[in-house]
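J.: Can you build the whole structure from these sequences, using the hints too?
Okay, here's what each chain looks like letter by letter:
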Amino acid sequence: MAELQVRLTAADFEPLHTDQEIHSLSRPSLSYWQDAWIRLKANTRAILSLYIVLGLLAFTVLGPLVWDVDPAAQDVDQISLPPGADRTATIVAPYAPWSGGSVLPAAEGLRLAETPNSENVRLLWDPVPGAASYSVYRSLFDVGEDRALGLPLVDLFGADAVRFEDRLDLSPRTYHYSVLARDADGTELDFQTLEVQVSRVITAEQALERGLIDSLNDVQIGDEVLMPLHPFGTDYLGRDMLSRLMHGARVSLFIGIAAPLLYVLFGVFYGSTAGFIGGRIDQALMRFADFVVALPFLLFMILFKIAFGIGPGESGILPMLVALVLLSWPATSRLVRGQILQIREEGYINASRLLGAKNGYLVVRHMIPNTMGVILVTLTFAVPSAIFTEAFLSFIGMGVAPPTPSWGSMCNEGIKTMLTTPHELIFPALFISITVLAFNLLGDGLRDALDARMRSTE
Amino acid sequence: MSDAITSEDSLTRAAGRQLLTFAFFAIAGIALLMVGLAWASSLTGAASGGNNAVDPETGTLTVFLREEPPQLNSSLSTDQVSGSVLGHVIEGLLRYDEHNRLVTAVAERWEIREHGATFWLRQDALWSDGEPVTAHDFVFAWKTGLDPANASEYAFILYAIKNGEAINRGELPTSTIGARAIDDHTLEVDFERPLAYFDKLVAFSTYAPLREDFYLATSGAYGADADKILYNGPFVIESWVHGASLRMRKNPLYWDRERAKVEVIDFAYITSDANATLNLFKDDKIAYATLQAENLNNAMEQRWHIDRFMDGSVFYIEFNHREGRLTANHHLRKAMQLATDSAELVYKVTKLPGYLPGESLFPVWLQGVDGYLREEYPANYPAMDLEQARWHLEQAKAELGIDEFPPLVLLTGDNPISNIQAEYYQQVFRKNLGLDLKIDKQIFKQRLAKMLSGDFDLVLAGWGPDYDDPLTFGDLFASWNLNNRGQYRNPELDKWVRVAQNEQDTKARMDAFGEIQRIIIDDAVILPGYERGVTYVTHPQMKGMVRRAVGPDPDFTNAWIEG
Chain A
1 MAELQVRLTA
11 ADFEPLHTDQ
21 EIHSLSRPSL
31 SYWQDAWIRL
41 KANTRAILSL
51 YIVLGLLAFT
61 VLGPLVWDVD
71 PAAQDVDQIS
81 LPPGADRTAT
91 IVAPYAPWSG
101 GSVLPAAEGL
111 RLAETPNSEN
121 VRLLWDPVPG
131 AASYSVYRSL
141 FDVGEDRALG
151 LPLVDLFGAD
161 AVRFEDRLDL
171 SPRTYHYSVL
181 ARDADGTELD
191 FQTLEVQVSR
201 VITAEQALER
211 GLIDSLNDVQ
221 IGDEVLMPLH
231 PFGTDYLGRD
241 MLSRLMHGAR
251 VSLFIGIAAP
261 LLYVLFGVFY
271 GSTAGFIGGR
281 IDQALMRFAD
291 FVVALPFLLF
301 MILFKIAFGI
311 GPGESGILPM
321 LVALVLLSWP
331 ATSRLVRGQI
341 LQIREEGYIN
351 ASRLLGAKNG
361 YLVVRHMIPN
371 TMGVILVTLT
381 FAVPSAIFTE
391 AFLSFIGMGV
401 APPTPSWGSM
411 CNEGIKTMLT
421 TPHELIFPAL
431 FISITVLAFN
441 LLGDGLRDAL
451 DARMRSTE
Chain B
1 MSDAITSEDS
11 LTRAAGRQLL
21 TFAFFAIAGI
31 ALLMVGLAWA
41 SSLTGAASGG
51 NNAVDPETGT
61 LTVFLREEPP
71 QLNSSLSTDQ
81 VSGSVLGHVI
91 EGLLRYDEHN
101 RLVTAVAERW
111 EIREHGATFW
121 LRQDALWSDG
131 EPVTAHDFVF
141 AWKTGLDPAN
151 ASEYAFILYA
161 IKNGEAINRG
171 ELPTSTIGAR
181 AIDDHTLEVD
191 FERPLAYFDK
201 LVAFSTYAPL
211 REDFYLATSG
221 AYGADADKIL
231 YNGPFVIESW
241 VHGASLRMRK
251 NPLYWDRERA
261 KVEVIDFAYI
271 TSDANATLNL
281 FKDDKIAYAT
291 LQAENLNNAM
301 EQRWHIDRFM
311 DGSVFYIEFN
321 HREGRLTANH
331 HLRKAMQLAT
341 DSAELVYKVT
351 KLPGYLPGES
361 LFPVWLQGVD
371 GYLREEYPAN
381 YPAMDLEQAR
391 WHLEQAKAEL
401 GIDEFPPLVL
411 LTGDNPISNI
421 QAEYYQQVFR
431 KNLGLDLKID
441 KQIFKQRLAK
451 MLSGDFDLVL
461 AGWGPDYDDP
471 LTFGDLFASW
481 NLNNRGQYRN
491 PELDKWVRVA
501 QNEQDTKARM
511 DAFGEIQRII
521 IDDAVILPGY
531 ERGVTYVTHP
541 QMKGMVRRAV
551 GPDPDFTNAW
561 IEG
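Taken in sequence, the protein lines are chains A and B.
Heads up: the first sequence begins at 1 in my numbering, then just goes up one per residue.
Heads up: the second sequence begins at 1 in my numbering, then just goes up one per residue.
Honestly, the hints are just simulated from the structure, not real lab data.
By construction, the Cβ of each residue, glycine as well, lies at the ideal position given by its N, Cα and C atoms.
It cannot be assumed that every hint is accurate.
[Said to hold, decoys possible] Computed list of lysine to any residue pairs in SDA-like fashion (alpha-carbon distance at most 25 Å, straight line):
{"hint": "1", "chain 1": "B", "residue 1": "Lys445", "chain 2": "A", "residue 2": "Ile302"}
{"hint": "2", "chain 1": "A", "residue 1": "Lys305", "chain 2": "A", "residue 2": "Gln206"}
{"hint": "3", "chain 1": "B", "residue 1": "Lys351", "chain 2": "A", "residue 2": "Asn412"}
{"hint": "4", "chain 1": "B", "residue 1": "Lys200", "chain 2": "B", "residue 2": "Trp127"}
{"hint": "5", "chain 1": "B", "residue 1": "Lys348", "chain 2": "A", "residue 2": "Leu425"}
[To be verified] Some but not every residue of chain A turned toward chain B, in silico, with C-beta under 10 Å:
{"hint": "6", "residue": "Gln74"}
{"hint": "7", "residue": "Ser80"}
{"hint": "8", "residue": "Tyr95"}
{"hint": "9", "residue": "Asp155"}
T.: The following block contains the structure:
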């Protein structure tokens with residue numbers, strides 16, 4: 001038996017060198033969020049929606065700084081103006097009641113007494129023998145063979161009532177005026193028609209008041225000025241649509257983001273508590289959630305409005321927020337509870353527990369991150385539904401108080417003039433649709449990105 | 001291997017077949033349901049007719065009602081829709097004709113003295129059950145209207161009759177009424193005080209006759225259904241489907257049978273939605289429709305025949321004059337008066353033809369001594385003057401001892417035209433005076449309740465005439481008038497109202513109205529907005545429809561179908 005001699009040298013105790021090669025083979029370790037972000041970036045629709053959402057936030061927050069126009073200011077000279085309309089106006093002398101005289105050379109028949117403008121159109125005609133009354137009509141279209149006279153403006157009685165001043169809602173366009181003379185029995189005696197081209201005018205005082213000129217001395221009668229610019233047109237009271245959309249977005253996005261954030265947070269807390277504790281407490285908590293589901297939203301919204309002492313003509317946004325938060329959380333809490341119940345029984349939870357993990361650690365480290373997908377998706381889907389709720393409530397007049405705009409109330413006002421001035425409805429409706437679609441697509445993308453089971457499958 | 005594929009294949013096929021069967025049944029089921037529903041709707045639709053707006057063959061005119069009449073008891077009805085329906089089926093002593101002249105109806109001739117009047121009734125005026133209309137029916141109707149147990153809101157219009165007010169307050173029994181049937185066809189009335197316009201009052205529906213035996217037989221349900229009314233007008237109600245339709249047929253027993261020219265007036269739709277009625281008109285379902293500002297261009301494009309009439313009513317902002325209200329301050333009201341321009345409201349904001357910028361409580365159509373009241377007594381309404389307005393505002397602040405006005409509440413109805421006006425005024429006062437307004441939008445009933453309890457600072461209100469005399473507007477702000485919702489109290493105004501009520505001389509009365517007009521403007525009791533016009537389109541074949549400010553409107557009794 002030979003004795004085995006082991007000779008150890010100092011070199012034997014040298015640590016092994018770190019093998020850089022092996023490490024360089026693997027990818028850098030990705031956190032959950034980094035991984036989710038990579039997958040979200042690959043989803044073009046979601047990214048586009050994200051940009052739209054960011055753009056909307058900028059539109060709301062930064063927009064009014066750039067486009068500093070009072071959303072309540074009424075420009076009565078430019079009511080229901082479509083976007084891109086001509087805005088030149090000629091300066092004229094202030095309005096004075098008409099004495100009946102004419103400054104234009106005398107002519108035959110139905111004629112203009114003065115150059116027609118958007119302040120007034122002054123018509124003169126010759127007395128018709130035997131006439132007892134004259135009716136003046138105005139149409140946007142040619143009178144034609146079928147005598148479509150248009151709007152009956154006035155009935156003037158007496159044979160010498162041979163002049164009329166029209167001031168009703170004149171805009172720069174062509175009008176067809178007709179005068180019908182009748183005798184005492186109402187029989188038609190004479191019929192004349194006249195085509196009038198109206199141009200837009202403004203007085204120097206009005207121009208000064210609207211900030212179009214700096215002082216009265218800057219302009220003379222006959223000069224041309226540009227009316228205030230309204231890139232998106234104006235509404236039925238001449239208010240700037242762009243400014244109203246920006247300010248309306250504040251209300252819509254505030255409700256759309258604040259309410260879901262609050263109630264989803266509460267729902268997560270409530271649901272995870274119920275799911276984690278389980279047993280009787282879970283039963284009791286979830287039955288209470290069922291009870292809340294059964295409460296009618298609109299009724300509570302009205303009750304809160306009264307309880308808060310919100311008087312007439314005041315904004316109903318706060319009670320709307322409270323009602324949304326108090327009544328909408330059960331859906332989230334149910335989802336989260338279901339997830340937590342499932343995760344609680346997973347092997348890694350038990351392993352973690354055996355290794356001595358405390359409850360708080362389990363919840364924060366394992367449970368919440370694994371339900372994060374569900375939570376974020378609920379949140380992004382809750383945003384459009386809250387925006388819709390606000391729009392709907394403002395549409396039926398329960399939301400904002402005039403003159404504060406919101407997209408919903410703008411739609412409500414715009415729908416009345418849908419056929420004649422569609423831009424008043426289309427713009428707010430478009431903004432609601434785009435916002436809701438963007439949040440929905442973003443939610444879709446987030447669901448795919450945040451699903452832990454799809455992690456690193458590529 | 002091949003076996004497995006075939007079995008899988010056949011399975012797929014079987015599943016496909018199953019799906020196909022399901023799809024077939026589902027589609028067939030839906031189709032059947034649709035056919036069934038279409039059939040069901042044609043069943044219910046047949047009653048109100050899938051007909052055209054006018055039918056010359058059967059002489060049927062199809063129109064609409066803005067609202068369902070709450071009931072058709074002439075002594076209790078208050079609203080305009082009931083007034084219009086009653087105008088077709090019930091006839092009083094006198095009525096307005098198509099030129100708005102007062103003409104004989106049940107009364108053949110009449111005589112008005114200083115302290116009373118006598119009416120001689122025609123022999124051939126019959127109820128729809130064939131019995132004659134007698135003077136007793138009028139006395140009974142007036143007693144019913146005044147009886148405090150019936151709480152008729154229009155009882156005050158009967159106060160012209162002797163003891164009327166005392167009976168209505170419950171101080172005297174109804175038997176003390178100052179009206180007697182001398183015989184079946186002679187009716188005599190005593191006046192409470194001398195009265196110049198009693199003939200105009202008796203055309204109002206509260207003065208229409210009711211027959212006692214029939215009225216009592218309905219045990220309180222008179223006017224609730226088509227068979228619970230007795231008719232004596234040119235038409236009778238043939239059917240009344242509550243909330244859906246009302247159909248009238250020519251009354252064969254009416255004394256002036258030639259007057260009604262159509263056989264049937266079918267109020268086939270009950271809706272106040274202007275767009276709905278316009279679409280019905282477009283589809284040739286109704287013979288007339290009212291236009292809103294936003295439909296005007298469309299109507300011109302369709303080349304429709306557009307008509308217009310002044311419905312006689314004035315609209316204004318009424319202030320709350322109750323003590324403690326900021327609007328009780330004269331200077332504040334004056335400031336608001338000088339900061340508004342009703343011409344801008346009418347020409348740029350409401351944009352409907354036929355609206356006149358408001359200047360006075362009295363509309364332009366009221367008759368004065370010889371011509372129009374407003375021509376004889378011009379309103380001289382102050383023009384907009386911002387400098388003066390701001391001076392008044394400073395005065396108001398000093399008097400009230402405040403630096404800044406809290407927001408004032410503007411009470412308004414919930415219809416589009418009120419909304420636009422409210423928002424317009426809100427901005428006008430904010431821009432011109434720095435005053436904030438809060439808009440309190442309420443439905444009609446709620447708005448009335450709030451007006452009555454004084455829960456407002458300003459209210460968008462209006463008043464339509466009940467009878468053809470300036471007094472129908474003139475007594476509105478008398479301290480005792482229940483319709484003086486702002487509770488304006490001014491002994492001087494009261495004095496002039498008394499003069500207008502009691503004086504027999506037309507000139508003296510008109511002078512009184514001139515004074516009332518002056519006080520209302522000088523003290524800025526109201527801010528006149530506009531006198532309302534109504535713009536409407538009519539079917540080219542329908543002629544003779546009458547629109548009027550005082551009396552039943554619209555009135556189809558004289559309408560006929562051409563061609």
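J.: Confirm or reject each hint.
T.: Do the hints match the structure? See the list:
no. : hint                : verdict
1   : Lys445/B x Ile302/A : 19 Å, holds
2   : Lys305/A x Gln206/A : 41 Å, violated
3   : Lys351/B x Asn412/A : 20 Å, holds
4   : Lys200/B x Trp127/B : 23 Å, holds
5   : Lys348/B x Leu425/A : 21 Å, holds
6   : Gln74               : 5 Å, holds
7   : Ser80               : 9 Å, holds
8   : Tyr95               : 9 Å, holds
9   : Asp155              : 8 Å, holds
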